[in-house]
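Enquirer: Turn these sequences into a full structure, and let the hints guide you.
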Amino acid sequence: MGQEEQVVTNIFGEDFISGSGVSRDVGPLGDRVYYSLVNDGIELIFSDNRLAQITLHIKPGDDFRSYDGNLPAGLSNEMYFDEVVGLLGSPDVSGGGNDDPLLGRIYPWIKYENMCPKIHIEMGFKGGIERISLS
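Residue numbers for the sequence shown follow our numbering, so the first one is 3 and each next one is one higher.
Just so you know, these hints were derived from the structure itself, not from any lab. Everything numeric in this text was worked out from a predicted model, so none of it was measured. Virtual Cβ for every residue (Gly too), placed ideally from N, Cα, C. It is possible that part of the hints are untrue.
[Claimed, not checked] EDC-like mimics (lysine to aspartate or glutamate), calculated; alpha carbons at most 20 Å apart, straight line:
hint, residue 1, residue 2
1, 120, 101
2, 120, 102
3, 61, 94
4, 120, 85
[Said to hold, decoys possible] Pair by pair, the computed Cβ-Cβ distance ranges are:
hint, residue 1, residue 2, range
5, 108, 29, 19 to 25 Å
6, 82, 5, 31 to 37 Å
7, 4, 29, 16 to 22 Å
8, 103, 13, 37 to 43 Å
9, 70, 25, 31 to 37 Å
10, 78, 30, 20 to 26 Å
11, 68, 102, 35 to 41 Å
Expert: What follows is the structure, given as structure tokens:
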């Protein structure tokens, strides 16, 4: 985390932005830049020109295909909540698993704020990991 936008995008090569399945969007306040690699199931978020978050979309959704690479911290995409806690320990924060009048169904989630990088895991309602965000 913390690498500048230009440095990170250069790692992917010249055709990164113009490649199919890659979009660059600026947030409504202009302080965040989002790169969506929809075919790879990856989203990169830059804040103040620094990489702030990487989201891995484990299950397809929100126009993203499934991320099929290695997962961090020994995680496996089919793990259930108890298995994640058994591997990583008790989370620092947890929530979700309910319906919100504005957002709809919110996946159960757990967050490990004392890990480096921080890990935020969204669990599926029927088990398995939906998304992993590293920040």
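Enquirer: Each hint needs a verdict: does it hold in this structure or not?
Expert: Going through the hints against the structure:
1. About 26 Å separates the Cα atoms of residue 120 and residue 101, which puts this hinted pair outside 20 Å; it is violated.
2. Restraint check for residue 120 and residue 102: not satisfied, since their Cα atoms lie roughly 25 Å apart, outside the 20 Å limit.
3. Restraint check for residue 61 and residue 94: the C-alpha separation of about 24 Å exceeds 20 Å, so the hint is violated.
4. For a cut-off of 20 Å, the pair hint linking residue 120 to residue 85 stands: about 18 Å separates their Cα positions.
5. Separation of residue 108 from residue 29 is about 21 Å and conforms to the stated range, judged on CB atoms against 19 to 25 Å.
6. Between residue 82 and residue 5 the beta carbon distance is about 33 Å. The supplied range of 31 to 37 Å therefore holds.
7. Between residue 4 and residue 29 the CB atoms are about 18 Å apart, so this pair conforms to the stated range of 16 to 22 Å.
8. Hint check: residue 103 to residue 13, Cβ distance near 41 Å, so the stated range 37 to 43 Å holds.
9. Checking the proposed 31 to 37 Å range against residue 70 and residue 25 shows it is violated: the Cβ atoms sit about 20 Å from each other.
10. At roughly 36 Å, the beta carbons of residue 78 and residue 30 sit outside the given window of 20 to 26 Å.
11. Taking 35 to 41 Å as the suggested C-beta distance range, the pair residue 68 and residue 102 does not conform, at roughly 25 Å.
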